[in-house]
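Novice: Letter by letter, the chains look like this.
2 protein chains.
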Amino acid sequence: MITLHHLRVGRSVFTVWLLEELDIEYDLKIYLRDPKTNRSQADLKAVHPLGKSPLIEDGDIMLAESGAIATYLLEHHDPENRLSPSRSDNARWAEYQQWLHYSEGSAFLPLIMNMLLARETDPKPPVTSAFAAGETKLHLDYVRDFLADKTYLLGEDLQAPDIGMGFILTMASKVVGLQNYPTLEAYLGRLTQRPAFARAMERPGG
Amino acid sequence: MITLHHLRVGRSVFTVWLLEELDIEYDLKIYLRDPKTNRSQADLKAVHPLGKSPLIEDGDIMLAESGAIATYLLEHHDPENRLSPSRSDNARWAEYQQWLHYSEGSAFLPLIMNMLLARETDPKPPVTSAFAAGETKLHLDYVRDFLADKTYLLGEDLQAPDIGMGFILTMASKVVGLQNYPTLEAYLGRLTQRPAFARAMERPGG
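As given, the protein sequences belong to chains A and B, one line each in that order.
Residue 1 is where the first sequence starts when you use my numbering, and the numbers rise one by one after that.
Residue 207 is where the second sequence starts when you use my numbering, and the numbers rise one by one after that.
For the record, the hints were derived by calculation from the structure and aren't laboratory data.
Treat the hints with care, since some could be wrong.
Where chain A lies over chain B, by a calculated footprint (3+ residues, C-beta under 8 Å) [what the hints assert, rightly or not]:
1. 276 to 283
2. 292 to 298
3. 323 to 335
DSS-like mimics (lysine-lysine), calculated; alpha carbons at most 25 Å apart, straight line [stated by the list, open to error]:
4. K137/A - K174/A
5. K124/A - K174/A
6. K36/A - K330/B
7. K45/A - K343/B
8. K330/B - K343/B
9. K343/B - K380/B
10. K242/B - K380/B
11. K242/B - K330/B
12. K45/A - K356/B
13. K45/A - K29/A
14. K174/A - K150/A
15. K36/A - K343/B
16. K36/A - K124/A
17. K251/B - K150/A
18. K124/A - K137/A
19. K124/A - K242/B
20. K174/A - K36/A
21. K235/B - K251/B
22. K137/A - K242/B
23. K137/A - K251/B
24. K380/B - K356/B
25. K150/A - K137/A
26. K330/B - K124/A
27. K330/B - K380/B
Only a predicted model underlies this, so the values are computations on that prediction, with no experimental measurement involved.
Yeah, the Cβ is synthetic: ideal placement off N, Cα and C, and Gly gets one too.
Take these sequences, add in the hints, and give me the full structure.
Specialist: Set out below in C-alpha cells:
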C-alpha cells in the first residue's frame, strides 16, 4: 500500500486529493510544523534529508517531488487514463506533460517570493519585488488565457495537472488575491467543490 | 524535424545539449535578450505568451517547460533507453522521475533568489536572504550526499536528469560558488567535458 508522508498544513494535501481522485487505498503519516519556524521538524527529516512533503513510500521506494509523485501514481493507478491521456494521443499527451511540470517548475516561484516579501519590513527590496510582481502577473495572465472558457485545463474533464494548478491558485488567492481573475476564481471554485477534494480536506483530521 | 526556440544566453543551451546527447537532428531558432533588461523580447513572446525558453516545436506541437521537453524528447527519441530507464525497472524509473522534476521543481528556486538578492543594495532583506541561503545549502548538501562517489546521479551512465542538474550547478557555481562542494565541482566538470556538451556550446555560434 502507498504511504503518504504528509506535513500539515501544506502542499501535500494536494497529493491526498490526487489519491482520492484515483480512489487508491493509502496510509497517511502526519507530521506537524515547528510552531516557531513553521518548517518541518526532525521527524520528517528522519524520513527524507530534505525534510519536505509530499513524500510517498511504496515498498522500498521513497519518492519526493509533487510532479514525480503524480507521474508515479498515474503510471501505476490510472490504466484507464481517467486523469492522464494515453501516450497514443501525442499532442494531448505533450500538453499534459507541460502542465504537469508547469505548476512546480514555473508558477510556484513568484508566489513564494511574494510570500517572503510580505514578511519583509518596508521599504521592500526593489529588484526582487519587481521580479515577483511581474512574474506573478505573467503567469496568472497565461493560465487565465489558456483556460479561457474551458472547464479544466485540458478540456471538460479533470486531469492530474489541474490538481497541481489547484495548489498554485490556492496559494495565489492567499498571497496576492484573485480578485482581478474571475476566470481563475471560478476554476478554483470548481476544483475545490469536487467530492475528492472535500475528502482530502477531511481525511487528515480537518 | 524538431525546432528549438533558443534564447541566448540562458538555460535552453541545456536542451541543446540533450538534443546532442540524443543525436537528434534539429533546427535552432536564436533569440537575443534585451540588452537593457536582460529579458526576452517581442520576437519570443510572439512564439509563446510566456516569452521564455526553451520551447520546442514539433509539427503542430509547441511545448514549454524544460522537464516536459525532456520527457517528450525521450519518449520519441530514446527507444533504446540510453538516457532514461525502462518503465519495467520500477525503482530506477521512480528515482529517475524524482530527479527529472527536482532541478526545476526544487533546486532552481533558491538560486534565482540569490541572483536577485545580489542585485539589491545593503542591507539585504533578512527574511528572503535567510530563506535563500538556507535552501541553497539544503539542496546542495542533498545533491552532494546523493551523488556521493557515483559518476552520475543514477550511477555509471549519464541520464537525462544529469542535464537538468548541469544547469543547476552551472548556475550555482556562478551565483554562490561551489568551492565548498568539491564533489559537485568534479561532477560538473565531468558533465561539461562531454563531447555533446561541447557541441551544444559551439552550435549556437559560441
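Novice: Hint by hint, say whether it matches the structure.
Specialist: Checked hints:
Under a criterion of three residues with beta carbons nearer than 8 Å to beta carbons of chain A, the stated coverage of the region 276 to 283 of chain B is upheld, 3 such residues being counted. Coverage of a stretch by a chain is defined here by at least three residues with a beta carbon nearer than 8 Å to that chain's beta carbons; for the region 292 to 298 of chain B and chain A the count is 3, and the condition holds. Closer than 8 Å: that is the beta-carbon criterion, and the region 323 to 335 of chain B has 8 residues meeting it against chain A, so the requirement of 3 holds. As the CA atoms of K137/A and K174/A are separated by approximately 15 Å, the hinted pair is consistent with the 25 Å bound.
A hinted pair counts as satisfied when its Cα atoms are at most 25 Å apart, and K124/A with K174/A qualifies at roughly 19 Å. Simply put, K36/A and K330/B have alpha-carbon atoms about 23 Å apart, close enough for the 25 Å limit, and the pair holds. Straight-line distance between C-alpha atoms of K45/A and K343/B comes to about 15 Å, which keeps the hinted pair within the 25 Å bound. Taking the CA atoms of K330/B and K343/B, the gap is near 18 Å; set against the 25 Å cutoff, the hint holds.
Taken as a hint, the K343/B and K380/B pair is honoured in the structure, with Cα atoms around 15 Å apart against an allowance of 25 Å. Between the alpha carbons of K242/B and K380/B the distance comes to roughly 21 Å, so the proposed pair stays at or under 25 Å and holds. Annotation: proposed proximity of K242/B to K330/B holds, straight-line Cα distance about 24 Å (limit 25 Å). For the suggested pair K45/A and K356/B, the alpha carbons sit about 23 Å apart, so the restraint of at most 25 Å is met.
Between K45/A and K29/A the alpha-carbon distance is near 13 Å, which keeps this suggested pair within the 25 Å criterion. Between K174/A and K150/A the alpha-carbon distance is near 24 Å, which keeps this suggested pair within the 25 Å criterion. At roughly 21 Å between alpha-carbon atoms, K36/A and K343/B fall within 25 Å of each other, so this suggested pair holds. Restraint check: the Cα-Cα separation between K36/A and K124/A comes to about 24 Å, which is no more than 25 Å; the hinted pair holds.
Of the supplied pair hints, the one linking K251/B and K150/A holds, its CA atoms being roughly 23 Å apart against a limit of 25 Å. This hinted pair checks out: K124/A and K137/A have alpha carbons roughly 18 Å apart, not beyond 25 Å. Restraint check for K124/A and K242/B: the C-alpha separation of about 23 Å stays at or below 25 Å, so the hint holds. Simply put, K174/A and K36/A have alpha-carbon atoms about 21 Å apart, close enough for the 25 Å limit, and the pair holds.
For the hint pairing K235/B with K251/B, the CA-to-CA distance comes to about 13 Å; that is within 25 Å, so the pair holds. Simply put, K137/A and K242/B have alpha-carbon atoms about 21 Å apart, close enough for the 25 Å limit, and the pair holds. The hinted pair formed by K137/A and K251/B meets the criterion: a straight-line CA distance of about 15 Å does not exceed 25 Å. Restraint check: the Cα-Cα separation between K380/B and K356/B comes to about 24 Å, which is no more than 25 Å; the hinted pair holds.
Distance hint between K150/A and K137/A is fulfilled; the C-alpha atoms sit about 20 Å from each other, no more than 25 Å. In summary, the hint linking K330/B to K124/A is supported, as the alpha carbons are separated by about 10 Å, within the 25 Å threshold. Straight-line distance between C-alpha atoms of K330/B and K380/B comes to about 19 Å, which keeps the hinted pair within the 25 Å bound.
This entry satisfies every hint, going by the numbered hints stated previously.
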